[in-house]
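Here the protein sequences line up with chains A and B, keeping their order. First residue of the first sequence? That's 1 in my numbering, and the numbers climb one at a time after it. First residue of the second sequence? That's 1 in my numbering, and the numbers climb one at a time after it.
Treat the hints as calculated values from the structure; they're not laboratory data. Among these hints, one or two may not hold up.
[Claimed, not checked] Cut-off 25 Å, straight-line C-alpha distance, at most; resulting in silico cross-link-like pairs (SDA-like, lysine to any residue):
#, chain 1, residue 1, chain 2, residue 2
1, B, Lys227, A, Arg261
2, B, Lys236, A, Gly164
3, B, Lys217, B, Asn199
4, B, Lys213, A, Ala171
Since we're looking at a predicted model, the values are computed, not measured.
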Amino acid sequence: MNKRQIPFLFIIFVVCLSACSGNQDTIDDPGPILTTQPTDVPSTTPEPTLTFTPAPTFTPSVTPIVILDPEPIEVNFITEDGVELEGLYYPAAENPAPLIILVHWARGDMTEWEQIAFWLQDRGLLVRSPDYNNSWKSSDWFPDYKSEEPLGVLVFTMRDCQGGCQTYSPAGWLLDIEAVMLKAALLQGVDKDRIITAGTSIGADGALYGCTWMNQVGIGSCKGSFSLSPASLLTLPYDELANQLIGKEPPLPVYCLFGLRDDASVETCSDIAGLIPVDYGYIENHGFELIQPGQSNDPLVLLNEFINISLTGVGE
Amino acid sequence: MKRLIYALVIASILFSFGSVTPVKAMGQGGGICNGPEDVMYILVIGTDTRSVGYLYGLGDSTMVLRVDFQNQDVSVISFPRDLWVVIPDVTEDDGRTHGKLNQAYFFGTEGMGYYSGEGHGAGLMAETMKVNWGLEIDHYIVLNMRTFRDVVDALGGIEVYNPAPVYSFHQPNQPKFPVGGYFFGGQEALMYARYRDPNNSIDRVDRHAIIMKGLFKQVFSLSTIPKIPELIGLYKGNVLTDMHLAELSQFLCLAAQTDFEDVQFGRIPKDSLYIPDWVGFVWLEKEPGSIETLLHDFQDGNWPE
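Throw the hints in and build the complete structure from the sequences for me.
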């Protein structure tokens, strides 16, 4: 390789870098017109100025790597039956990153997840807030989130559920879940082949359904589901759905947590054969209310463990 | 340009999904709310047991729900507890072949143990309906008085309208429940449902249907909907049922989508029965076969209208 080839190759390299690793705008912009002059060319020997213009038709083969700001981004999407839903996407610190979809219960909407979403996103937005009755809405008692890998978070509000569900619509909520799984697969910065779900109460059943649905339809790959107080509440048998994940090779994790006086959840979780931890001595609560400090098995520690196992196959 | 490429990307993805039919979980029927294609008959029994559990007890209130997931149709019929019926499968243990309808439940309870089939009392009651009228039951739900009371309280009470005065034996001239609207807590609802009225202008069967309407209305009220999952969790273990949780949720889903005014309530008509003046005596079918004919209409979806 002679000396004159080195600057030329360097330019090509720089152009490739700018094309392949630039921000999203490089997808459709023609790109910067790079004009330079090699420094080792004697000025006395006029050489044509080297101008490299990337072909306008250039399309990167992979999604450009862009680190989105940590602030949650509003997302909107439409269900199969035409209902418009709103959600919030908390981007990960790396890109593309796995994503967890969090599904709420009937007594609230996506805002129930806010503090937990910040905690999982782990990008500095979690403010260890004062104690709000030691609930899942306060974060001063949250354990440290431990993961080697950044994680994106997506929450959304199911139909007629702003501030708590006003209609009882299990069949409609299933369509909402399908729609959010589709949306998740299309989100910028999401590795659609590494999606996981979690939910409470109706959201627990919804999250599990979404995971199996995504794998069946093939729009992406869901790696496991975490349930707080499921009870086949969305017209589909939880055990059959769970077995679709557990029965894979290797098995995908399904965590099923329940309150001791919650007969339906006890029955549901007990139906699962080969489930990774099943029996916890939680107090007499349901759904989000299981997420409280002072439990012998902290649900948030378990959620953290579930995420690590689902995405890496290895626990903490 | 940016929009165009974005649109193309989205379009190509959507196009690739276009041929994909949304997948339902396996084993689900094609009806609304993932319910079965065939009409489902659910036997609902309220027992007269005050204590916890279901070891013994008479079938104080007996209803059958006809649930059609294909046509989004729910109808309910109530049966009088004193109706004289053939009770199958108990001869070997008890020597009898007939009894009141409420005894069909009692003889099958775990405590009595006269019935060897599945479902104990509810199983024998279902068998009784099949033998007498050809009505085949798919599922049952049994609740005792304590659970009924607790459920009504957990719902925050129920609204009912009492269309005729209900008198008591002790004060036959002063109605215990005058005509009008009421908001009952669990204990009051129980009392209203079980009252023995000497005038019998609106008997227990009618009042059970009224209570049932009040329950339906309250379950799907705005204040209760967010609590439905929690209530299922709290009371699932306190009722006897052979329904899987998913089947319960299919039914709740259908009921929530159904206009309450469209739910048809009926009862075995009084004029088709011989009803003695003495409370507690058996009620007889005036024309043998008339109830069976009525129940065929019920199964065909033609009655109650």
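| Does the structure break any of the earlier hints, and which numbers would those be? | Those not satisfied come down to hint 3.
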